[in-house]
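2 protein chains.
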Amino acid sequence: MSDTRTKTGSVGIVETKHVTFDQEMELESGAKLGPIDVAYETYGTLSPAKDNAILIVHALSGDAHAAGKHHPDDKKPGWWDVMIGPGKGIDTDKYFVICPNNIAGCKGSTGPSSTNPRTGKPYGLDFPMVTVGDIVNVQKRLVDHLGIGQLLTVTGGSMGGMQAIQWAVAYPERVVSAIPIASTCRLSPQAIAFNEVGRRAIMADPNWREGDYYGKDIPAQGLAVARMVGHITYLSDESMHRKFGRRLQDRDSYGYDFSPEFEIESYLEHQGHAFIKRFDANSYLYITKAMDYFDLEREHGSLEKAFAQVADTRFLVVSFTSDWLFPSYQSKEMVKALNANGIDTTYFEIEMDYGHDAFLLESGELLVILRDFLDSVYGEIRDRE
Amino acid sequence: MSDTRTKTGSVGIVETKHVTFDQEMELESGAKLGPIDVAYETYGTLSPAKDNAILIVHALSGDAHAAGKHHPDDKKPGWWDVMIGPGKGIDTDKYFVICPNNIAGCKGSTGPSSTNPRTGKPYGLDFPMVTVGDIVNVQKRLVDHLGIGQLLTVTGGSMGGMQAIQWAVAYPERVVSAIPIASTCRLSPQAIAFNEVGRRAIMADPNWREGDYYGKDIPAQGLAVARMVGHITYLSDESMHRKFGRRLQDRDSYGYDFSPEFEIESYLEHQGHAFIKRFDANSYLYITKAMDYFDLEREHGSLEKAFAQVADTRFLVVSFTSDWLFPSYQSKEMVKALNANGIDTTYFEIEMDYGHDAFLLESGELLVILRDFLDSVYGEIRDRE
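First to last, the protein sequences are chains A and B.
Sequential numbering of the first sequence, starting at 656, is according to our numbering.
Sequential numbering of the second sequence, starting at 656, is according to our numbering.
I should point out that these hints are in silico values taken from the structure, not numbers from a laboratory.
Keep in mind that the hints are not guaranteed to be accurate.
In this list, chains with the same sequence are indistinguishable; a pair is considered to hold if it fits within one copy or across any two.
Dumping the calculated DSBU-like pairs for lysine-lysine here, alpha-carbon to alpha-carbon at most 35 angstroms [as the list claims (entries may be wrong)]:
# : residue 1 : residue 2
1 : K871      : K991
2 : K898      : K960
3 : K705      : K898
4 : K932      : K871
If we strip away everything but chain A, and leave its shape as in the complex, we get (with noise of 0.2 angstroms):
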C-alpha cells in the first residue's frame, strides 16, 4: 500500500559545497572550458552499496539549493523544497540526493560572470556556448567524484528535464531511471521565439554593453523584461484567469496611465524586479541557447534513434495538461519513441490548471507518483544485488 503523506520534514539546515575541476572539457562546440567550478548540495546519507543516489537537475533560473535551508532565518527554503527530506517524494531517510548548479549559471558554478583565467576578469561573451550535453558532462564529473558508479535516478522539470534524459541517452549504464517532468526532447519554434525576445530585451538595454558589464550598471531593465515575458509563459491562461483576472491592483477604476495597474501587471513588475536582483544576464543569454540548441532529433536523426542506446534505464515522464510552454505532445512524443525502443516507460499527465510551474508546486499526485516509481526502481535494484 502506497504512504499516503505529502509532506513531512525539513532535510534542515545545509550549506553548498564547492568543487573544482582543473582539467579542462572539450565542449561541443570545439571549444574548451577550465577550471570548472561546481557548485552543489546534498542530503540523506550515501548508502555503503552507493546505490541510493539521485541527481536533481535544475532549470533556467535554479540553484544547487533544491531544499532545507542556509539559515535559520531564511524565508524560504530551497527550490524543490516540498519534494525533497524525510519522508518526502523524493525521502532523504532513504536516498541520496545531489543537486549541482549548472554551469554557464551565476550560482557558484562557472559561468559568464566567473573570473577568465586567462584576463583575470570576468568572461562575459568570452564564455563559450555551453549545450545541455555539456551541462551533463560536468555533472558526471561530480558524480564520479563522489565516487558514485551508478545513479538511482536523475530527475528535474523543464530544462532539468533535457538533463535528465541526456543523462540516460549519453551514460545509459550510469542511470538506472531517468524521471523529465514537464520536458521535451526538443523546444518548440514558439518556445524558441519566446527564448529570442528575452535575449533581444536583454542584448538591447545599452548596459549589457556586449556582455561587458560587470562592475558596472547591470542590464536590469532588459533582463527585467526578459523574465516578464518568461512568467507568460511559466503560467497558464487559465490560472492568470484565476490568479489575477482584470482585477485591478489597489484602485477601483482606470488610471489612465502608463503605470501598472492591473494586478497581473504589478505580478510582471515584481517578478521582473525580484529576477534581477538574483540571476546575472548573461546566465540567461547563455542558459537559454542551450535550451534553444537541445535537440535529439537534430542530433541522432530521430527520437527512435536517440534512445537506441538506452537499454535497461527506466523512464518516468510526467507532462501537465495546462503546460504550453512544455506540452503533453512533446511528452507523448517521447514516450511513443522510448516504448518503440522497447525501454521501460511509464508516462503520467497530470491535470492541473498552472502551466509549466506546475512542476515546482506542491501536488500530493507528483509527490506520490515520485515515490512509488523510486520505491519500485530500488526495490528492483536491491532485489538483484
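Got chain A sorted already, so can you dock chain B onto it with the hints?
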C-alpha cells in the same frame, strides 16, 4: 444559391482623405482632445438611400488603407484587400466602404506624434489616454460628417472587433449589424500581460525619453522587441511548427553565438525591424492601453447587461480555433450574452491553424460567411424600405 467566387477585382488606385473636427471632444478619462484629424478611405458608391455603408475598423497597427493601392507600383495593397473589392466578401459593387484610421495611431489621424496645438510640438505623453469608446466616438463624427444615418455594418478583427461591438452597444440605432471577428468584450489577463511586456520594452529603451523622442533617435530596439512579442501571439504553436519548425536560417549547423540562427528568430527579427519603420512607439503604448481598458463587463456590470440596449442590431461573431490571444471561448461568452438578450446572432468558429492573424489571411470560408451575412442583412433592409 451562394456565389462561390472567392477573389475577383481590386478597388484600384485609391487615396486617403482627411477631415478635421475642430470641436474638442471629452474623452472617457475626462480629458479633452481637439482639434481631431481623421484620415479615412472610401471604396464603392453610397446608394441614393444611403443604406449601403459599411464601416471597416482596424486593429492595433492598421490604418485607413484597407484596400487597393495608392500607386500602381505599390508592392502591397491595403491590409484587408483580400476581403474588400468588386465581387469580394465585402463587395464594393454593392456597398460603400469607409475605413478610418483610429485616433492615437500614427497614420494620419491625431495621435501622440501629432502637433499639440497648445505647444506647437508633438504631443508625446501629453496626448490623453483614449479608450475604444473614444475611438468609436470619433468614428461616429466621421459617419455623421459623411451624412450617413445608419451603417449597414461595422466590422473589424481583433481590436477592430472591439470597436464593432462598442458601436452596437453605444449607438445601437446607428448600426444595422456588427461583425466582430477574432475579438472579445475584454482581453484576458494573459493578453494584458503580453501588452504590458511590449510597453515595458518600449519604455525601457533610453531613446524613449518619456515619450519625447520626436526629431531624435526613436526607441527602435524597444519597439522591435514589443513587435516580436506581439508576433508570437498572432501566430499559433501549430502554424509556427508548419512555417518554421526548428529549421536553421541559411546554415546547416549551430553557430554557437547570439545571432539569430533559427528561422523563427530571423522571422521575428525581420518583423521587428519592419515595424519600427512604419509605426510610432508612443502610438503602440496608447493603443495597447485602449485594448486593455476595454471591458464591457466592468462598464455595464455584466456582458448580458452590456447588450441590453441593443435591440435590432444583428450580430455575426467569428472566431478561429487556433487563436489563443482572442480565444474562441471569449467569442462564445459574447454570443451567450447576445442570445440572453434575444439579439439575432450568428456565430462561426472557423477551423484554421494560423492563430489570431487568421482574420487577415485569405480564407474562402470567412469571405463566404461575410458575403452571405451582408446579403441577408442588406436584403432585409431593402425589403423594409
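We went through each hint and held it up to the structure:
1. K871 to K991: Answer is neither; intra-copy 50 angstroms and inter-copy 56 angstroms both fail.
2. K898 to K960: Classified as between: cross-chain Cα gap 25 angstroms, same-chain 42 angstroms, threshold 35 angstroms.
3. K705 to K898: neither (44 angstroms within a copy, 49 angstroms between copies)
4. K932 to K871: both (14 angstroms within a copy, 33 angstroms between copies)
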